[in-house]
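Trainee: Each number in the numbering used here comes from the position in the sequence shown (counting from 1) with 12 added on.
Please note: incorrect hints may appear among the correct ones.
Label-pair ranges, simulated between beta-carbon atoms [unchecked claim]:
#	residue 1	residue 2	range
1	PRO159	LEU40	42 to 50 Å
2	THR132	ALA77	27 to 35 Å
3	LEU33	GLU66	38 to 46 Å
4	ARG84	ARG58	19 to 27 Å
5	ARG84	ALA153	37 to 45 Å
6	THR63	GLN138	46 to 54 Å
7	HIS35	LEU75	34 to 42 Å
8	SER65	ARG139	46 to 54 Å
9	ALA148	LEU122	12 to 20 Å
10	SER79	LEU155	46 to 54 Å
Just so you know, these hints were derived from the structure itself, not from any lab. For glycine and all other residues, C-beta sits at the position ideal for the given N, C-alpha and C.
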Amino acid sequence: MSEPDTSTAEVARLYPAVYELLHARWALHEKRPSPETLAVLQHLARTGPLTVSEAARHFGRALSAVSELVDRIEANGWIARSPDGRDRRRVLLWLTDAGEAVLQRSQSVLSLEALDAAMTRLTPAQREQLVAGLRALVDAARLSLPPRSPP
13 MSEPDTSTAE
23 VARLYPAVYE
33 LLHARWALHE
43 KRPSPETLAV
53 LQHLARTGPL
63 TVSEAARHFG
73 RALSAVSELV
83 DRIEANGWIA
93 RSPDGRDRRR
103 VLLWLTDAGE
113 AVLQRSQSVL
123 SLEALDAAMT
133 RLTPAQREQL
143 VAGLRALVDA
153 ARLSLPPRSP
163 P
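Using the sequences and the hints given, assemble the complete structure.
Mentor: Shown next as structure tokens:
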């Protein structure tokens, strides 16, 4: 394998610093969602409201275990329960705005606040160059991947 050119080596050297300085972090006092909680929030975000029984079936877990998990998630304000408008015997679980926010934050690689603070220190021209360069790098990376074979 040949040696990478200078710009490749420089990007490889700078990337860890960008990640270290700007990656999303949770403060010690913040409630961080567990993997199980994230799975429920992601499922609700994809499918929309569902009952505890439907969630238990989907995850292949006991109804009691999912019910306890849902209670904890609801206590954090990340989901809400409400009667089904078509069948009042059914209670649906809904993703709240707070749940959507914690889900988005959990899936974010970079802290938007830290990134924004750093970006404001750049001139408008530097910001445009950075965005254009990153866009070009993403496009080039996509083109350099081998084609995927159908499943």
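Trainee: Hints first: check each against the structure and report whether it holds.
Mentor: Quick rundown of the hints versus the structure:
| no. | hint | verdict |
| --- | --- | --- |
| 1 | PRO159 to LEU40: 42 to 50 Å | holds, 45 Å |
| 2 | THR132 to ALA77: 27 to 35 Å | violated, 46 Å |
| 3 | LEU33 to GLU66: 38 to 46 Å | holds, 42 Å |
| 4 | ARG84 to ARG58: 19 to 27 Å | holds, 21 Å |
| 5 | ARG84 to ALA153: 37 to 45 Å | holds, 39 Å |
| 6 | THR63 to GLN138: 46 to 54 Å | holds, 51 Å |
| 7 | HIS35 to LEU75: 34 to 42 Å | holds, 38 Å |
| 8 | SER65 to ARG139: 46 to 54 Å | holds, 50 Å |
| 9 | ALA148 to LEU122: 12 to 20 Å | holds, 19 Å |
| 10 | SER79 to LEU155: 46 to 54 Å | holds, 48 Å |
Checked against the numbered hints above, the structure violates only hint 2.
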